[in-house]
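Chemist: The residues making up each chain are set out below.
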Amino acid sequence: MANHVKIALILTTVMVVIGVILAGVYLMTYTPIVKADLNAKFEAIKFVLTDQTTGQLLVNQDEIPKTIDQLNAKIWKSNSSGVLYSNPKLPGYVLSPAYLFKGKDGSNIYVLTGYGIGFGGRVVTVASFIQQSDGKFFENAIDVIDFANETPGLGAKINDPDVRSRFFDIPNSGFKDGIRVNKDADLFPLPSNYKSEIPTYKKEGIVVTSDVMTGATITPRSVANTLNAMYEFLEKEVK
Amino acid sequence: MANQNGETNLAVLTAGWIKQNPTFVQVLGMCPVLAVSTSAENALGMGLATLGVLAISNLFISFVRNIIPNEIRIPVYISIIAAFVTMVNLLMHGYTYSLWVSLGIYIPLIVVNCVPLGRAEAFASKHGPWKSFLDGLGMGIGFLGAIMLIGITRELFDAGTIFGYHIWSSAYNVFVVALPPGAFLVIGLYMGLFRYIGKMRSQKKVQGDESK
Numbered sequence: 009m010a011n012h013v014k015i016a017l018i019l020t021t022v023m024v025v026i027g028v029i030l031a032g033v034y035l036m037t038y039t040p041i042v043k044a045d046l047n048a049k050f051e052a053i054k055f056v057l058t059d060q061t062t063g064q065l066l067v068n069q070d071e072i073p074k075t076i077d078q079l080n081a082k083i084w085k086s087n088s089s090g091v092l093y094s095n096p097k098l099p100g101y102v103l104s105p106a107y108l109f110k111g112k113d114g115s116n117i118y119v120l121t122g123y124g125i126g127f128g129g130r131v132v133t134v135a136s137f138i139q140q141s142d143g144k145f146f147e148n149a150i151d152v153i154d155f156a157n158e159t160p161g162l163g164a165k166i167n168d169p170d171v172r173s174r175f176f177d178i179p180n181s182g183f184k185d186g187i188r189v190n191k192d193a194d195l196f197p198l199p200s201n202y203k204s205e206i207p208t209y210k211k212e213g214i215v216v217t218s219d220v221m222t223g224a225t226i227t228p229r230s231v232a233n234t235l236n237a238m239y240e241f242l243e244k245e246v247k
Numbered sequence: 151m152a153n154q155n156g157e158t159n160l161a162v163l164t165a166g167w168i169k170q171n172p173t174f175v176q177v178l179g180m181c182p183v184l185a186v187s188t189s190a191e192n193a194l195g196m197g198l199a200t201l202g203v204l205a206i207s208n209l210f211i212s213f214v215r216n217i218i219p220n221e222i223r224i225p226v227y228i229s230i231i232a233a234f235v236t237m238v239n240l241l242m243h244g245y246t247y248s249l250w251v252s253l254g255i256y257i258p259l260i261v262v263n264c265v266p267l268g269r270a271e272a273f274a275s276k277h278g279p280w281k282s283f284l285d286g287l288g289m290g291i292g293f294l295g296a297i298m299l300i301g302i303t304r305e306l307f308d309a310g311t312i313f314g315y316h317i318w319s320s321a322y323n324v325f326v327v328a329l330p331p332g333a334f335l336v337i338g339l340y341m342g343l344f345r346y347i348g349k350m351r352s353q354k355k356v357q358g359d360e361s362k
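If you read the sequences in order, they're chains A and B. To convert, note that position 78 of the first sequence is 86 in my numbering; the numbers rise steadily by one, no gaps. To convert, note that position 45 of the second sequence is 195 in my numbering; the numbers rise steadily by one, no gaps.
Honestly, I wouldn't trust all of these hints.
Examples of chain A residues toward chain B, derived with CB under 8 Å [said to hold, decoys possible]:
| hint | residue |
| --- | --- |
| 1 | Ile26 |
| 2 | Thr37 |
| 3 | Gly114 |
| 4 | Asn157 |
Bear in mind the hints are in silico, worked out from the structure with no lab data behind them. Each residue gets a CB set at the ideal place from its N, CA and C atoms; glycine is no exception.
Start from the sequences and build out the full structure, keeping to the hints where you can.
Modeler: This is the structure in structure tokens:
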């Protein structure tokens, strides 16, 4: 009995000491972590507010937030739960807050953050949707800001430029029945002329990823689910 | 200075570099080596993180080795290693964000990497703090060297670059080295090369002794 108590006391002491040390390191790194996450968000917002064909900003330079106050001024919708919209069937989630920017041409540009479930957990994506003159939404660009639990060399390639670009410039027609990766749309193996057909596939809601992300379907599927949830949210809230 | 086992500090420090290299000789901790060595930058990040955890956890485990009962030594060792891995994870999140995102789940997984626990059990639990620290440092350097060698090779043959710097044309690129089978191929080839070099050196030594 005495031995068991001794062991329990030693284990408790070790855990308490480790806990105190970790708490200290957590407090020390809290501010740098918040800053790093915020910088990643600023960069992602600037990226999705850029026309990926011309490289020009879709908004005036002074519209790009550089501080937390400037970012907060762009909040369009938010709630205290942290989730603005969810579709558990996909599953896809839109996180609070959602931002609204005015384009150079006067159009509304919605910048949303959301996540789907990848191979190792949440895959967080920032995306911009331009509301065109006919009221329909055009998905401009995405930036995947958190894929820390995806497998390096496989799912973690989701934010590589050649993979990410496959999710750019998806018109309203693509979201009619929801976008899907090409494996889920029975477009596999790919035909020999698939590269020239990628814009056509996007109009049909098919995102070709199997050639640039070999051996990883779950991660791009989670991004597709996120974009579908974002589109459903905009359809519900804007129209 | 030699200890009671006749091991000098230099011998302890250098044991993990080649003779007992954790990757090429002991074949330990292969999961992160295979998964993260897709580029030189990732390999450097993972190698340095593992080196830090190995050296510091070995030091602390050696300090507490005499007060920890034998029955609970493994949970305590794992807890100490997990604490240092958590610290490394927090520091990388705050100060090297893009590398932290690239390495992903493999930073927390250093906890279950065989190398830190293996050295804790095999060395730090039986030796003093200074020697244990040197052992962790030496093994960490060996692990860093091995993963860097594999990372540089894979990046060079996949993208034609090293640390992002262009080395040769994409015409020489071998796509398979970036894939999981490519990691096995590269590691296998290096293991074969090192064994061949070791064998040649032993033969030369024997021939030299005979000629004397």
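Chemist: A separate judgement is required for each hint: does it hold in the structure or not?
Modeler: The hints, checked one at a time:
no.	hint	in the structure
1	Ile26	holds, 4 Å
2	Thr37	holds, 4 Å
3	Gly114	violated, 35 Å
4	Asn157	holds, 5 Å
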